[in-house]
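Quick mapping for you: the protein sequence lines, in order, are chains A and B.
No gaps in the numbering here: position 133 of the first sequence is 133 in this note's numbering, and each next residue is one more.
When you read off a place in the second sequence, starting at 1, and then add 143, the result is the number in this note's numbering.
FYI, nobody ran anything at the bench for these hints, they're computed from the structure.
For every residue, glycine included, the Cβ atom is placed at its ideal position computed from N, Cα and C.
A couple of the hints might just be wrong.
Stated by the list, open to error - Partial list, computed: chain A residues near chain B (C-beta under 10 Å): (1) Phe38; (2) Met61; (3) Ser106; (4) Gly125.
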Amino acid sequence: MRVGDRLPVVEKGVSQEHVERYARASGDFNPIHMDPDFAAGSQFGTRIAHGMMGAATISEMMTSAFGGAWLNTGRMKIKFRSPVYPGDRITTLGRVKSVRETASGSEIECAVEITRDSGEVAISGDAMVTVSTDRRPEASGQG
Amino acid sequence: MAIDYSELVPGQSVSRRRYLLDGAMIADYMASVQDESGLLESPESNPLVPPMSIAALSVGGVVQDLQIPGGSLHVGQELDFVRAVPVGETLVCEATLKQNSVRGGWRFMVLESEVRDPEGRMVMAGKSTVMLPVPADDPPGAAG
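Chain A extracted, bound-state conformation (with noise of 0.2 Å):
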């Protein structure tokens, strides 16, 4: 894996029924996801999907990027920049910043980004994983 290599695209809708098997998951119940009388009244005017979904996405990405090296040795600082609504698709980006050798393997980090069906960025970060040296990921594409 190179740098300026891109990660395999995830793209997914994201409905009200996601948000709500999303609150019982996680126990997640805050208002501002669920009642659509409280979110009327807030910043936003409507209900948003957890921030977290959308970092579940790129973890999604990075796992099918990396595999196992990714649950073992995965890193994720991530800004949640702007809500994603019910009714938003999300897509996911991420592309190779950085490749170190390390006694280890390769230390890969990438910037990450999870942009709505209006271009808004959602969500943007970095996401760092150490892959071994006898199992090195192919890259899905180039930018």
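For this one, chain A is given, so just place chain B on it according to the hints.
The following block gives chain B in isolation, referenced to the frame of chain A:
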């Protein structure tokens, strides 16, 4: 009982929960985020859970135990996955307040989380930054 956020001090443990990552829970999580990558197989154990399912429980536990109010914003998240976790494992999630300050009408709280297996081995660490709306008469609280 309502929490007085101004009385929370850095270093204070604010959430501790124990979870069984059974197959039904993981299936429900994967459906909610439409994770189509599938569970990775492990040669030594059950299939491996998506690491963000652990993060979801960790953050969800903090939201519940701190009674994070509606209108709050989750603005940043750091995660460090230390060890892959198989379906069926029990984990303990604990969160500690690292910063608690008020500026510009918002309370900024930074929370560090550690998730460990029953033997005490770390499987995930995290740091969450949340902004809570501050009532006009709310004192600043302990700086961190």
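Consistency of the hints with the structure:
1. Phe38: Cβ of Phe38/A sits 5 Å from chain B, so the hint holds.
2. Met61: 9 Å, holds
3. Ser106: 17 Å, violated
4. Gly125: 8 Å, holds
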